[in-house]
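Q: Here is what each chain is made of, one letter per residue.
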Amino acid sequence: MSRTWRTFRLSVKSLLLHPLRSALTVLGIFIGVCGVIWLLAIGEGIGRAAEDQIADLGARNIIVRTVKPNNDEATDSGYGLTRADYERLRDTIPTIEPGGALPIRIITEEFRNRTRAKEGRLVGCTPQYADVTRLQVAEGRFLTAADAAEERNYCVLSAENAQELFPLGTPIGQELMIGEDFYTVVGVMKPRAASAGIGGSYAAEDFSGDVYIPIETFWRRIGDMIIITKPGSFQRDISEVTQVTLQVADRDMVLPTRDLVINTIAPYHTLEDFRVTAPLELLQQAQTTRLMFMLFLGLIAAVSLVVGGIGIMNIMLATVTERTREIGIRRALGAKRRDITQQFLSEAVVLSVVGGLLGVLGGLMCRPITALARNRLEAWFPEQMSTLPELVRNVEPLLVPWSFPLAFAISAVVGVLFGVYPAIRAARLDPIEALRHE
Amino acid sequence: MQLAASIRELRKDYVLSGETVHALRGVSFDVPEGDYISIMGPSGSGKSTLLNLLGCLDRPTAGNFLLGPDDVARMTDDQLAETRATRIGFVFQSYNLLPALTVVENIEVPLYYSGRLTRESQQKCIELAELVGLGDRLDHRPMQLSGGQQQRVAIARSLVNDPRFMLADEPTGNLDSSTTEEILDLLARLNDEGRTIILVTHENEVAARTCRTIWLRDGEIMTDERK
Ligand SMILES: Nc1ncnc2c1ncn2[C@@H]1O[C@H](COP(=O)(O)OP(=O)(O)OP(=O)(O)O)[C@@H](O)[C@H]1O
Ligand SMILES: [Mg+2]
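Respectively, the protein sequence lines represent chains A and B.
Residue numbers for the first sequence follow this note's numbering, so the first one is 9 and each next one is one higher.
Residue numbers for the second sequence follow this note's numbering, so the first one is 106 and each next one is one higher.
Wrong hints could be hidden among the right ones.
[Claimed, not checked] Covered stretches of chain B, as calculated for chain A (at least 3 residues, CB under 8 Å):
hint	segment
1	156-166
2	174-187
3	199-208
4	211-219
Honestly, the hints are just simulated from the structure, not real lab data.
Note that the Cβ used here is the ideal one computed from N, Cα and C, for glycine as well.
Pulled out of the complex, with its shape left as it was, chain A reads as follows (with noise of 0.2 Å):
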C-alpha cells in the first residue's frame, strides 16, 4: 500500500465525516471550474459566428454605400454615389479583378399580383449580385447579361416573396407589378437567413422580402427620384446609386484599393453622403474582439475559482482549529509536520480535484443545457428572448478542447494553493499544546 494512497485514503475518510460541508465546498470549484469550460465554449460559438458572418460578407469585398446627409436640404438635389463615381471606380482602380465592380440600388416599393401586394426591397443589381451575397436559386434563373444588355422588365423574387404574391403554382413566367410596369417573373431565389451587422457598421441586411431587377432597367423605368411619403408629408429623394461593392483581386491588396478608393471618390462629394467599409477590416476587428471576449469570460471565470479557492481555505482553516486535538494525537503517535501537512493539503486538492472532474461533466453538457436553456426562455419569456441579439441568442457553444485540461490544472492548482496555508498551520501546532486543547 503506497504512502500517496494512503494519505488519499484518510483524506477522503476525513472529509466524508462532514459530507455536507464538503459537497459545498466541492460545489464552489464546481462552479468555477464549469465556469471556465461554458464561458469559454460560448465566447468561441460567439466568436465563431461572428466570424462566419463576416465572411459571408466577402473578405476581398470593399462596400462603397451611400449615406443620408444629415443635411436635409442637400438631398433635394440629389445626393450619393453617382453613376459618375461607379464608372470611375470601375475604370480607374488597378486592384479590382475585371468585372468586379458592381453597382446596386435600392429603394423600398410595393409588389402588386393582382389583389395580392406586398412591400419589400426593390433592388436593381447586376447579374453577379447572387455570387456576391451568396443568394442561390431555387427555380429558374438569375438575371443575366442579355438581360441587363436589353434592359429587359424582368425579375427574380425572394422565396418569401414567390410564396406570399404568387401562393398558387410557380410564379415563373407571371407578371408582377413594380410600381406603374409589369415585370416577368424569371427566377425564385432559396431563402437565406439575414447576416447580423458587425459593430454598427453594417445594418443587418435582410434578403427575405427582395425583388431583383437589372440596374439598367431600374435606372431607366424607375429613374433616381423617388417620393418617400409620410403621413402628412411627403418628401422627394435623389439618388443614382445606393451601394458599389468592389470585389479586389488580392486579398492583401484590400485594405490599400479601400484608401485608393476614398482619394478617387472623394473630391466629387462636398457632402459626407458615402462610406467606404471593408469587411476584412471587420473580420481583424471581430478577431481582436473576440480574443479580448474570451480574456474577459476568462477573468470572470478565474474569480470565480479564486471564490471557490477562499471556501476551501475558509473550510480547511475552521477544519485545524476544530481538528487541533486530532493534529495533537497524531503528532504524539510519531506524525511528522510533514505527515499533517500532507494530510490537510490532500484533503483541500481532494475537495478542488472532485470539484475539477464534476466540472468537466458539466462543462461536456453545454450544449445540451444551453439547448434546453434556449428552448425554455423562448417559451416562458418570448419577448424578451426576441430583443436578444440574432448573435447571441443563437449561439452555439463550441467546447474549446484545451479549456478541460486547463480548467481541470486550475482546479487543481487551486486546492494546493489555497490548501498551503491551512496546512502548514495545522502542522506548525504543537503536540503538548494541541493535545491540551479541547
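Keeping the supplied structure of chain A fixed, place chain B with the ligands upon it in accordance with the hints.
A: Same frame as chain A, but now just chain B with the ligands:
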C-alpha cells in the same frame, strides 16, 4: 546494566503572561533497561511535565535527557517525531483515541508514521486488540466503549510499534478498581517481557505494583525508592 534513559538536571519553565512557572527545577535519575517506575506527587508537582519530556513530546528548558545513547535535546523536530513513532509507547490519561476510527484503525495509526504499515499489519492490530481483551469489539468506535475499554485500546495502540520504552500518564485514573487490576496485570506482563515502563499515578495501590517509586514535589524529586 544498560540504561534505557538518563535524566540530568532537567528543567522546564512555562512562561504565562510574563510570569514564569518552574514546572521542573532540576530533576536527575537513571532508568535501567526493564525498570518499572511509578511517579507520584501532589497535583501540580510536575509529573505530567516530566512524562511529556520523557515521551519526547516536549523539549526541556535546560538539562540533559539521554534516551538510550541519544541526546534528545539535540534532536530535530522530525527526529523527535520518529522517536515517538518507533521507540516510545505513550498512554494518555485521557486515552486520546481518534473518535472517527474503529478500535482496529485506532491501533493502526502509529504504524502510518513509523513506516511499518504492511499487508499483515491489520492482523497484528487485531491480535493486539485480542491481547487487551477487545477481540469482540474490533469495529466499535471509541464512543461505543467504556472508559476501561478505551484505555485498553490506547495501551494496544502504544504497543503496536513494539516499543522498548513505555510511558503512561495516570493510566488507571478514571477506572474502577477491578478494571485497574486488569490494566495493571497487563502492564506487569509487558514489563515481564522486558519493556521499561514509567507510569504516573495518585494511587498507592498502583504504585505498589511497580518496582520503584519517585516522589515529586514542586518540580523536584523528594524521594526515589526501589522496593
Ligand atoms: N502549558 C503550560 N503552560 C503553563 N503552565 C503549565 C503548562 N503545563 C503545566 N504547567 C504548570 O506546570 C506545573 C506542573 O504541571 P503538571 O501538569 O506537570 O502537574 P501534574 O503533576 O501532572 O499535576 P496533576 O496531578 O494535577 O496532573 C503546574 O503548576 C502547571 O500549572
Ligand atoms: Mg498530570
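Q: Each hint: holds or not?
A: Quick rundown of the hints versus the structure:
1. 156-166: Since 4 is at least three, the answer is holds.
2. 174-187: It holds: at least three residues are needed, and the segment 174-187 of chain B offers 4 whose Cβ sits within less than 8 Å of chain A.
3. 199-208: It holds: at least three residues are needed, and the segment 199-208 of chain B offers 4 whose Cβ sits within less than 8 Å of chain A.
4. 211-219: It holds: at least three residues are needed, and the segment 211-219 of chain B offers 5 whose Cβ sits within less than 8 Å of chain A.
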